[in-house]
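One-letter residues, chain by chain:
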Amino acid sequence: MQIKESSEIYDVIIVGSGAGGGMATKQLADAGLNVAVVEAGPYFDPADPVTQTQLKWAYESPRRGAGTDRAFGEWDMSWGDWEVDGEPYTQEEGSNFRWWRARMLGGRTNHWGRISLRFGPKDFKGKTRDGHGDDWPIGYDDVKPYYDKLDKLIGVYGSNEGRENDPDGFFLPPPKPRLHELFYINGAKKSNIPVIPSRLSILTKKINNERGVCFYCRQCSRSCSVYADFSAGSCLIFPAQKSGGKVKIFVNSMVREVTTNAEGKATGVSYISKDDRKEYKLKAKVVVLAASACSSARILLNSKSKQHPNGLGNSSNIVGKYLHDSTGADRAGFVPSLMNRKVSYNEDGTGGMHVYSPWWGDNSKLDFPRGYHIEIGGGMGNPNYGFGLNPNEFNKFFGVKVGGYGDTLRDDVKKYYGSIVGMAGRGESIARKENYCEIDPTTVDQFGIPVLKFNYQWSDFERNQAKHMRDTFEEIIHNMGGIPLGEKKGKDKDYGLHTPGAIIHEVGTTRMGDDAKTSVTNKFQQLHDVDNVFIVDAGVFVSQADKNCTWTIMALSWRASDYIIEQLKAQNI
Amino acid sequence: MDRRKSLQTLILGGAAAGTGIVFNSCKTENGETIDEAIAQSSEKYFGRIPKELERIEKLNAEQLFNEHEMETIAALSVVILPPKEPHGGPIEAGVPELVEFMGKDIPSMAPTLLGGLMWLDHKSNTEFGTEFKSATLEQKKQICDEICWHDIEVSLDEQPLEIQFFYMMRGLTVTGYYTSKVGIADLGYKGNMPNVWDGVPQDVLDQHGVAYDPEWIAKCIDQSTRATIATWDENGNLLT
Chain A
1 MQIKESSEIY DVIIVGSGAG GGMATKQLAD AGLNVAVVEA GPYFDPADPV
51 TQTQLKWAYE SPRRGAGTDR AFGEWDMSWG DWEVDGEPYT QEEGSNFRWW
101 RARMLGGRTN HWGRISLRFG PKDFKGKTRD GHGDDWPIGY DDVKPYYDKL
151 DKLIGVYGSN EGRENDPDGF FLPPPKPRLH ELFYINGAKK SNIPVIPSRL
201 SILTKKINNE RGVCFYCRQC SRSCSVYADF SAGSCLIFPA QKSGGKVKIF
251 VNSMVREVTT NAEGKATGVS YISKDDRKEY KLKAKVVVLA ASACSSARIL
301 LNSKSKQHPN GLGNSSNIVG KYLHDSTGAD RAGFVPSLMN RKVSYNEDGT
351 GGMHVYSPWW GDNSKLDFPR GYHIEIGGGM GNPNYGFGLN PNEFNKFFGV
401 KVGGYGDTLR DDVKKYYGSI VGMAGRGESI ARKENYCEID PTTVDQFGIP
451 VLKFNYQWSD FERNQAKHMR DTFEEIIHNM GGIPLGEKKG KDKDYGLHTP
501 GAIIHEVGTT RMGDDAKTSV TNKFQQLHDV DNVFIVDAGV FVSQADKNCT
551 WTIMALSWRA SDYIIEQLKA QNI
Chain B
1 MDRRKSLQTL ILGGAAAGTG IVFNSCKTEN GETIDEAIAQ SSEKYFGRIP
51 KELERIEKLN AEQLFNEHEM ETIAALSVVI LPPKEPHGGP IEAGVPELVE
101 FMGKDIPSMA PTLLGGLMWL DHKSNTEFGT EFKSATLEQK KQICDEICWH
151 DIEVSLDEQP LEIQFFYMMR GLTVTGYYTS KVGIADLGYK GNMPNVWDGV
201 PQDVLDQHGV AYDPEWIAKC IDQSTRATIA TWDENGNLLT
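Sequence order for the protein chains is A and B. Count the first sequence with this note's numbering and you get residues 1 to 573, in order. Count the second sequence with this note's numbering and you get residues 1 to 240, in order.
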């Protein structure tokens with residue numbers, strides 16, 4: 001079979017259409033470059049009524065929203081989850097890394113939590129801060145102008161609080177707290193834990209005439225049909241097309257490798273079309289990888305040639321290394337003062353929480369480095385499958401029998417509706433060379449492309465952090481007059497620390513640095529080994545912060561895009 | 001209307017089922033592709049992608065419970081949650097159809113459900129000489145009274161089958177009811193529709209003994225400005 005080669009030479013091929021790829025598409029197309037976007041999944045537009053799940057009711061489905069087909073419930077707007085049909089990944093013995101892949105235009109930005117936190121000055125200088133991990137080759141001041149522009153371009157609600165490591169920005173005003181969030185604020189304050197308005201990329205106010213304003217359905221995970229939340233398609237790729245940019249989108253196109261010439265420079269990519277299962281080639285002056293930290297590493301490692309026998313950009317042998325995810329641990333509490341609620345009002349609010357706690361701790365007094373933030377859940381939610389499965393479980397807290405049947409179940413459901421407050425800690429782990437993904441030569445996906453094998457172990461730093469999270473949550477639950485639910489998890493269960501990958505903040509596999517021996521890209525996200533290949537996903541992160549990674553992916557992708565434009569103009573690449 | 005058709009009605013809505021659109025792998029009876037069929041009545045397809053819709057159709061074509069078992073499920077569900085005006089009960093909420101679907105969607109539930117239904121009839125026949133569905137309400141309650149309390153100190157899967165069965169059926173009945181149109185009305189949930197959130201009503205704050213901090217509220221969106229395009233000064237202070 002002959003590989004079908006297109007004669008057109010694009011200025012830039014962008015592999016992946018999520019946060020990083022979407023931003024590169026917008027910036028590079030706006031600069032007049034001829035861009036090809038290659039996406040492994042199908043086309044998706046949140047405004048398309050055919051695929052829309054926003055505002056659907058449980059009873060429209062025979063499974064009432066159960067998560068049998070989609071891991072986060074059947075309304076979640078991610079096509080693909082921990083498993084993707086025909087695209088396995090494998091594990092080193094003893095490793096259990098979980099990998100979420102959304103195969104669709106816009107990728108995971110269609111369902112993410114919209115938590116949009118800037119990294120702070122300390123977050124770029126981990127080694128200086130406490131001796132662990134490495135410093136980034138850049139600092140907050142390098143990224144700040146891009147965060148500022150990003151806030152204005154995309155829109156994020158929040159508040160300027162003047163906190164040292166949680167920088168201020170250009171925020172839309174936040175929504176008022178919900179009832180359970182007022183309880184949380186009071187509970188956290190008793191333990192001297194700060195609480196401030198959330199920072200979410202959801203429009204509480206108009207930022208332009210193209211996007212709608214939030215109508216408070218709490219369903220950002222379903223992707224907003226009026227574009228009031230950030231998704232890469234609705235907020236970056238479509239606007240780039242509408243403003244006349246040269247953007248050609250190849251969907252259902254699974255990139256196999258970056259192709260190179262005799263000099264070792266990239267010439268484009270080869271991909272498998274999922275529609276006809278044939279291999280195609282696209283050519284470009286510049287290749288930008290934005291397939292996600294692990295997928296981009298996989299493409300590089302699979303791009304072996306005479307010039308790059310260890311995979312593209314991998315002369316350092318660092319591609320795939322330093323893989324790290326956020327730490328995570330959760331706890332919920334039953335709060336009797338939140339019983340017997342009036343249902344007189346619509347409490348949905350925006351997606352996610354209206355308030356959160358940024359990290360407050362002093363690590364010199366703790367048995368782990370770095371911190372975590374706390375996300376808050378609860379309220380009178382939209383009933384879906386699972387609602388009332390154990391309708392009067394909390395009777396046990398009042399010495400009343402659990403179970404039974406009859407009319408009283410209606411009273412039980414209403415009595416306890418909205419009486420749970422949940423807390424989730426999302427923290428920073430230390431990047432380690434020993435945690436990595438690599439090619440598993442024994443296994444291929446359905447397109448014949450060798451797959452990733454993961455090897456990832458937590459250390460006591462992360463376990464101790466999770467213990468601190470769960471202890472703190474218990475304390476706050478007690479402060480609210482509540483009772484912690486579920487069991488207290490001990491050392492044998494890693495204190496409730498989620499398995500690596502589960503928080504879906506995987507970063508670090510193609511980290512940036514000044515030294516080509518210990519990093520994959522330079523500080524402009526250009527491969528040390530090949531000057532016309534860039535990486536604009538979270539692979540370039542030297543360290544995760546106690547912040548979610550998306551806002552920084554986009555700020556850095558914008559910065560790298562500016563550099564690409566400059567370098568092309570100067571004819572350096 | 002046969003059971004398969006009624007389930008289709010549930011999924012497709014009366015109009016679509018009436019047009020005879022039935023899905024088999026990639027082509028419908030009318031020769032349309034599934035994509036076309038979805039596009040034509042997207043309101044009825046709750047955003048499924050073709051492979052998801054195919055799986056739902058495949059499950060719908062399978063039968064887990066026979067007619068007698070479906071009637072027994074219905075009979076048990078109304079004992080668990082008796083209908084109450086004005087918001088009906090499990091039958092109006094489609095609970096038996098949900099139990100059938102979930103038993104196929106999550107196959108590990110099926111043995112408990114099938115075994116539990118057999119246990120109900122065996123028990124009813126032994127005690128009262130009649131199948132459960134034909135027993136009097138008092139007789140049904142006598143049977144349920146024996147199995148409706150699980151031991152909360154012991155893992156459920158270590159308890160007798162009939163206890164597990166009742167727990168599962170109660171859960172499916174309550175979840176089925178409160179995820180239905182009538183159940184949501186009974187619950188009083190007011191969301192899942194466009195609105196403008198402007199905080200917790202004062203009477204609710206009072207009821208729960210909490211208050212808004214004026215300093216916090218001063219940072220929050222003034223909803224009368226939501227349609228005004230945001231502009232900032234160079235320090236990030238919102239001007240509009």
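In case anyone wonders, no lab produced these hints; they're calculated from the structure. A hint or two may mislead.
Stated by the list, open to error - Using 30 Å as the maximum straight-line C-alpha spacing, the simulated DSSO-like pairs for lysine-lysine come out as follows:
(1) A/401 <-> A/127
(2) A/415 <-> B/141
(3) A/206 <-> B/219
(4) A/433 <-> A/365
(5) A/401 <-> B/84
What the hints assert, rightly or not - Sample of chain A residues facing chain B (criterion: CB under 7 Å; computed from the structure):
(6) 59
(7) 205
(8) 339
(9) 342
(10) 348
(11) 409
(12) 411
Backbone N, C-alpha and C define an ideal beta-carbon position, used for all residues, glycine too.
A quick look at each hint next to the structure:
This hinted pair does not check out: residue 401 of chain A and residue 127 of chain A have alpha carbons roughly 55 Å apart, beyond 30 Å. Restraint check for residue 415 of chain A and residue 141 of chain B: the C-alpha separation of about 24 Å stays at or below 30 Å, so the hint holds. For the suggested pair residue 206 of chain A and residue 219 of chain B, the alpha carbons sit about 17 Å apart, so the restraint of at most 30 Å is met. Note on residue 433 of chain A and residue 365 of chain A: the hinted pairing holds, with a Cα-Cα distance of about 27 Å set against a maximum of 30 Å.
Distance check on the hinted pair: residue 401 of chain A and residue 84 of chain B sit about 24 Å apart at the alpha-carbon level, within 30 Å; holds. Below 7 Å, beta-carbon pairs count as interface contacts, and residue 59 of chain A has one with chain B at about 5 Å; its hint therefore holds. The beta carbon of residue 205 of chain A is positioned within 7 Å of a beta carbon in chain B (closest approach about 5 Å), and the interface hint is therefore held. Annotation: interface hint on residue 339 of chain A violated; nearest CB of chain B at approximately 9 Å, more than 7 Å.
The interface hint given for residue 342 of chain A is met, as the beta carbon of that residue sits about 5 Å from the closest beta carbon of chain B, less than 7 Å. Interface hint status for residue 348 of chain A: upheld, as the beta-carbon distance to the closest one in chain B is roughly 4 Å, under 7 Å. Against a cut-off of 7 Å between C-beta atoms, the interface hint on residue 409 of chain A holds, since the closest Cβ of chain B lies about 6 Å away. The interface hint given for residue 411 of chain A is violated, since its Cβ lies 11 Å from the closest Cβ of chain B, which is over the 7 Å cut-off.
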